[in-house]
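Since the structure of chain W is provided, determine the placement of chain Y on it from the hints.
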Amino acid sequence: MSGVRLLVGTRKGAFILTADGKRKTWEVNGPHFGGWELYHLKGSPVNPDRLYASQCSGWFGQKIQRSNDGGRTWEPVGSEFLYDGVPGTHQWYDGTQHPWEFKRVWHLEPSPTDPDLVYAGVEDAAMFRSADGGQSWHELPSLRSAKGHLWSPGAGGMGLHTILIDPTNPNRIFIAISAAGAFRTDDAGQTWRPINHGLKSPYQLPDPDAEVGHCVHRIALHPSRPGVLFMQKHWDVMRSDDAGDSWHDIGGDLPSDFGFPIDVHAHEPETIYVVPIKSDSEHFPPEGRLRVYRSRTGGNEWEPLTNGLPQHDCYVNVLRDAMAVDSLDPCGVYFGTTGGQVYGSADGGDRWTPIVRDLPAVLSVEVQTLP
Amino acid sequence: MIRIMLPEHLRTLAQVRGEVAIEVDGPVTQRSVLDALEVRYPVLRGTIRDHGTQKRRAFVRFFACQQDISLEPPDAPLPDAVTLGTEPLLIVGAMAGG
Numbered sequence: 024m025s026g027v028r029l030l031v032g033t034r035k036g037a038f039i040l041t042a043d044g045k046r047k048t049w050e051v052n053g054p055h056f057g058g059w060e061l062y063h064l065k066g067s068p069v070n071p072d073r074l075y076a077s078q079c080s081g082w083f084g085q086k087i088q089r090s091n092d093g094g095r096t097w098e099p100v101g102s103e104f105l106y107d108g109v110p111g112t113h114q115w116y117d118g119t120q121h122p123w124e125f126k127r128v129w130h131l132e133p134s135p136t137d138p139d140l141v142y143a144g145v146e147d148a149a150m151f152r153s154a155d156g157g158q159s160w161h162e163l164p165s166l167r168s169a170k171g172h173l174w175s176p177g178a179g180g181m182g183l184h185t186i187l188i189d190p191t192n193p194n195r196i197f198i199a200i201s202a203a204g205a206f207r208t209d210d211a212g213q214t215w216r217p218i219n220h221g222l223k224s225p226y227q228l229p230d231p232d233a234e235v236g237h238c239v240h241r242i243a244l245h246p247s248r249p250g251v252l253f254m255q256k257h258w259d260v261m262r263s264d265d266a267g268d269s270w271h272d273i274g275g276d277l278p279s280d281f282g283f284p285i286d287v288h289a290h291e292p293e294t295i296y297v298v299p300i301k302s303d304s305e306h307f308p309p310e311g312r313l314r315v316y317r318s319r320t321g322g323n324e325w326e327p328l329t330n331g332l333p334q335h336d337c338y339v340n341v342l343r344d345a346m347a348v349d350s351l352d353p354c355g356v357y358f359g360t361t362g363g364q365v366y367g368s369a370d371g372g373d374r375w376t377p378i379v380r381d382l383p384a385v386l387s388v389e390v391q392t393l394p
Numbered sequence: 002m003i004r005i006m007l008p009e010h011l012r013t014l015a016q017v018r019g020e021v022a023i024e025v026d027g028p029v030t031q032r033s034v035l036d037a038l039e040v041r042y043p044v045l046r047g048t049i050r051d052h053g054t055q056k057r058r059a060f061v062r063f064f065a066c067q068q069d070i071s072l073e074p075p076d077a078p079l080p081d082a083v084t085l086g087t088e089p090l091l092i093v094g095a096m097a098g099g
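Heads up: the protein sequence lines correspond to chains W and Y, in order. Going by our numbering, the first sequence opens with residue 24, and the numbers climb by one from there. Going by our numbering, the second sequence opens with residue 2, and the numbers climb by one from there.
For reference, chain W alone in the conformation it holds in the complex (with noise of 0.2 Å):
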């Protein structure tokens, strides 16, 4: 019977949680690396039980660890993230420039199709590639030469949180990074160019139509229609149909175009959830309701999805890594909070259930469907 595992990574541990197919009863394995922060862990979508998460500590640093037996095990591979020749320098809040300076990996985005290939999104913001399984770790500084030397840091550091590849032509890449906006490279990363055409940021720019600079929380795509992306920003929510090149708004309806997950149905392209967050000050959801909103339209037209969520006194965040949809049918979604809970929904977002309530606050959730 095929099943679920959820990797979850928070400030202070990893945890599994694994189910069957029908999701109702689940097993929590943890804390994996309790005491260190785990911004992200995920599989190998050619080897499941292949494993990579991202294990850092404001005392000693960034390790990547490995698992070969879907997260039983693991064994530390490399850890050294040195930006390619002189590292230059970005824009810091004085106006000065300020030297890149690696602090943490926040996403890791293993190959389609290479168990062994898997790219890392750090911050200060760049990208790095491994061939060998995490072993060692090369930048693709071309990135940072797309304006990065007017890149500058939000209050939630710069980094490199999202990396979508495409599922039909790998030298394609799209990934965003905060406070500086969407890229793509068409050439797996020897150049890239900022995809920010239709961003509007008018307070937090002073051109708020600017080529680089806007606070794109995250971007999904559906698999089947890798050109259609959808985009969760610092304010508003936003659709491309044309691979980045112009984006458009679909806050729709939506009580506060603010958040920082977004997710594509995994069998309706058009179906895409987000969390409203009532400010960006105000992390928490408006009114004190948790509320996942979904469209079945694109964008636009939203739907709120509160069965089995707090609907009072809830001021918990979602963070931009902390939602995952499953390939089963119907499809699973789940989503991790700042208050260590972990919601799963059998059916699409219907109905909720709580896997897990008591878990440090949640940074990341990522689902594997096993055969």
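Derived from the structure by calculation, the hints contain no laboratory data. Some hints here could point you the wrong way.
What the hints assert, rightly or not - Some chain Y residues judged to face chain W by a derived CB distance under 8 Å, without partners named:
1) Gly-53
2) Phe-60
3) Val-61
4) Gly-94
Unchecked claim - Cross-link-like lysine to aspartate or glutamate pairs, in silico, EDC-like; alpha carbons within 20 Å at most:
5) Lys-56/Y - Glu-103/W
6) Lys-170/W - Asp-230/W
7) Lys-35/W - Glu-98/W
8) Lys-126/W - Glu-20/Y
9) Lys-35/W - Glu-9/Y
10) Lys-126/W - Glu-103/W
For every residue, glycine included, the Cβ atom is placed at its ideal position computed from N, Cα and C.
Leaving out everything else, chain Y in the frame of chain W:
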């Protein structure tokens, strides 16, 4: 032998319990001790010193003989008691917040 006490998280990473003891060739300094430690336990590279700069990470401290020697130059000799193995070099995570 130089005795080193690692903080709990680094003991877990290195898969050791209690103190570790290592041989150091030549002058016994922060740098030579950490170099030898990282040869013996490569997983510790980058956890005590930054990968690129080789500088002590900001929230790691070095104590020996009831002294904080974190700010000593990396090539300064460690106290005789550490060199002779009668006292350990303590590598600790700095107090933080709360």
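Structure-based check of all given hints:
1. Gly-53: Since the shortest Cβ distance to chain W is 5 Å, the answer is holds.
2. Phe-60: Constraint on Phe-60/Y satisfied, holds at 4 Å.
3. Val-61: Holds: closest Cβ of chain W sits about 6 Å from Val-61/Y, inside 8 Å.
4. Gly-94: 4 Å, holds
5. Lys-56/Y - Glu-103/W: Cα-Cα ~14 Å, so holds.
6. Lys-170/W - Asp-230/W: 15 Å, holds
7. Lys-35/W - Glu-98/W: 18 Å, holds
8. Lys-126/W - Glu-20/Y: 29 Å, violated
9. Lys-35/W - Glu-9/Y: 15 Å, holds
10. Lys-126/W - Glu-103/W: 11 Å, holds
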